[in-house]
Amino acid sequence: MPPRAGHSRVKALDYDDDDVYSDDDYLDEGDGDGMTDEDKEQLRLGTINVKSALGPSISIPDTEIQEALWHYYFDVAKAASYLKNKLAPKPVAQTKKQKPISRFDLAAASTSGPSPDDIVLNAQAKGTKPKKGTSKHATGDKATNDVTNSVSALSVEEAPRVKSKNLDVLKEFEKSDMKRMANFVVIGHVDHGKSTLMGRLLYDLKVIDQRSVDKLRKEAETIGKSSFALAWVMDQTSEERSRGVTVDIATNYFETEKTKFTILDAPGHRDFIPNMIAGASQADFAVLVIDAGINSFESGLKGQTKEHAMLVRSMGVQRLVVAVNKMDTVQWSKERFDEISQQMTAFLVSASFAAKNLTFIPCAGLTGDNIIRPPPANTFPDDWYTGPTLIEALDASEPAKRALTLPLRLTVSDVFRGGIMHPLSISGRLDAGSLQVGDTVLAMPAGEPATIKGIESESESVDWAVAGQIVTLHLADIDPVHLRLGDIICTPANPIQNIKRFTAKILAFEDVFPMSIDVFRGRMNAPAKVVRLLSTLNKASGAVEKKKPRIVAPGALAKVVVELEREMPLEVGTRVVLRAGGDTVAAGLLESVE
Amino acid sequence: MRLLKQQIDKKDGSGFAVLLPEEPEDMWHAYNLIQPNDLLRARAMRRITKESESGSVTSVRVPIDLTIMVSSTDFDVGSGQLHVAGKVSAENEHVKLGSFHTLDLELQRKFTLEKAEGWDSVAVEMLKEAVDTSKRAQVYAVVMQEGLANVCLITEHQTILRQKVEVAIPRKRKGGIDGHDKGLDRFFTTLLRTLLNHIDLPSQTPPYTPVLLASPGFLASAFQTYIKTIATATTNKPLLALLPSILIAHSSSGHQHALTEVLSSPAVLAKLADTKYARETALMDKFFELLRKDDGRAWYGPKEVEQAVEKGAVGRGGGVLLISNALFRAQNVAERKRWVSLVDRVRDVEGGEVRVLSSLHESGKRLESLGNVAAILTFPLEDLDEDDEEDGARAEGEMEF
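Chains as they are written, first to last, in UniProt numbering: chain A, 1 to 594; chain B, 1 to 401.
If you're looking for bench data, these hints aren't it; they were derived computationally from the structure. Zero decoy hints are in this set.
Listed next, the stretches of chain B that the computed footprint assigns to chain A, with coverage defined by at least 3 CB atoms under 8 Å from CB atoms of chain A:
1. 216–226
2. 257–264
3. 286–299
Computed cross-link-like contacts, DSSO-like style, restricted to lysine-lysine with a CA-CA straight-line distance of at most 27 Å:
4. 546/A with 505/A
5. 356/A with 401/A
6. 286/B with 302/A
7. 334/A with 356/A
8. 306/A with 356/A
9. 306/A with 293/B
10. 548/A with 303/B
11. 311/B with 546/A
12. 228/B with 164/B
13. 293/B with 548/A
14. 293/B with 505/A
Ideal Cβ placement from N, Cα and C applies to all residues, glycine included.
Using the sequences provided together with the hints, build the complete structure.
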């Protein structure tokens, strides 16, 4: 008998052809010493099968086949491979070599187009299928040659792992005439219907198909929360679903005729404001969702409606679309809408939003009225509302300015495993600059270089990306321990510095005195201390009002010195948020590094 | 710490005390007691080289009792080790006078301390506190947020950061939910293992030290559920027995300074009331509340507080002086005297209350950012910072022009 290892290897090759005949069928039956009729019938069928498996070119006496079959308990596959082995020992040696090669081949095919060698190899891989048992003899020598050739060719290809196309990204960007892009963050108090509104928007735009929504509805009904079905489009983790609260930012995309939008659905609960800050830092404008219901609006105003609005403003968002949600619960009352609009306008203007940048839209997320289509006639009593729908209001937003020519800055908002091909991927918004496949970038604060293997934008592979886009980067040549949420990806030519102490001009939301705080910048969340209060400033003129104040009162403008526990990548002009004890204490602009 | 012998003159404070540290916490007390220029006598190992007449050199390690005049102290919070460096100040058969030695104070090894400037009121108070043997409360606290946790041990006098656990958890993404759940699971596994390492369950007997889990959102309770599941699945009896002593609290983040919120939450206070750190936390909260009102009754910073005491505002009827023990560890003798006399004045002359906060507790750290000293006044005072402001203006003016 030939060595077991030998024919089991061949068997693996044979498998495709023979797996119709399940091994088990035969194994159970051939246990008698004498031949029963059943055995004979099987032997006859088996012989035919083995013959067909071996192919016409091999001629073996039937007796030999039968002997082999008997030996292997009518296992056609094993018998066939045994016979083949006996007749053709050479292919065994060849397949040994081929195995590692084919893997190289795959790797090569994935990084570059198929080379001539690959084509030969591919053809040859097909050729090794057992039907043409003898063809192996013929191709044997040639294949070995090809194998050595392709190995040497591959080793050359390995060196520059990722080839840069050396594109002039800015020119490419101009040429591409890219559709207008906008990222917006959806904010508001908890349970005011942010996720549901966005779920509805995506559903009505057919981004989410009917089937998925039906499935979500069913799931939601089984746990008795049918009204949450649309929110589950955005809230995907089990915890978010069982608790009915958004915990983390959900990202989704949709397109109108004019613009490509990225939705960042923020959590409303006060415990998750850090996540909301991470979302807002990626946004060009914001949609503030307000529950029009009796008491809901008022309680929201005391809660996160205000805090969120002030936060997005202090992070540089200028334009705000206010979606007055759940209008169906107040019978689409004009009085209620006007009351909310007036109160909110007064507040938002005091939070230094320009009145012209505010748009109020009455809508209902659960029913979908006035989101992408106006509600049926007479929904508004006396048709008092003739303004735009929510989607029209979104479309009217001015495109954000892109900091294309500045040095590259990307804030990491997620580090994950992008699949087998991409063991390390990050995602985040390009705050400034541009990048392309093959670029070497620097991850700060670790100061570790990495190579960009691939770029994805809106789930599609692209060659380059520019400021303003939210992209996924597949990285190579870096260990995951060097990447944390909130890190900055920058260009080695013009890296961002790690700093420990800085002076910031802040707008206080709460009392500020020397105390422990958390500094937020995008996903970054670092423990720090306010170490000195330098001065309070006049809000209008910016002149110093009082030096070395003992305490900075809410609403006041001040200059303070902040010391971080660990060095962090920050630079002048960065907007930071200071929080303590679950409250946003202040928002500010980094003025100078000490 | 056990007080073996004490000979302190009540009038001038001269004299010495013989102390025996028994637990790691005692090292912290010793660190606070021992000042530069004090005389410290303790057992030490020292290598002695001898040259015989034939010229061969032998060296032996000899245990000797050394008396040194302290020049500096070095305390390692994590391991609770105290090293005291100084010059040998008493004659000895092996060691020359004036040569340097660093004494490593050890548990269950007595030492004798004699104060250079005599035992002042603060030192005597500290000594009293150090030798107080009443049962002290301890609690493990884990403040966590997704991907980050700080495992701390809170004792009567210190908050010790035992370990920081950081695990990268992928965020929720379209189609990438798995990563988040897996990451979270990995985080819990790592954290539980770390926590159990520090608690060392098998070596303890019930009732266990309470374990406090705090986080924003539902993370802490999710972790509690995870511990329950693990304990039940592996029928780990000590772990099952630990379950009842796990408390859940709310914190706004997983950073260590979020402990402040945890300790001031009513649920935790109910369990831990009447411990030093709970009282300190409550006191700091009260101070900050007054500061927020900005009615001139709460002041912080060395100069301001001294002025307030000068004006008699920190006296009978609600005056409280909050001072961090870091100030009494000052290397400079004059500096220490300044604070001791302030304490004496408030306590003995004005009749106010003095609270010495541990600089290793979160409350002490909050006080530290205020300049290590603060006061709650009996009547409002305005413009204590007036002079200061002029100074500041001048200083900054010079800088600008």
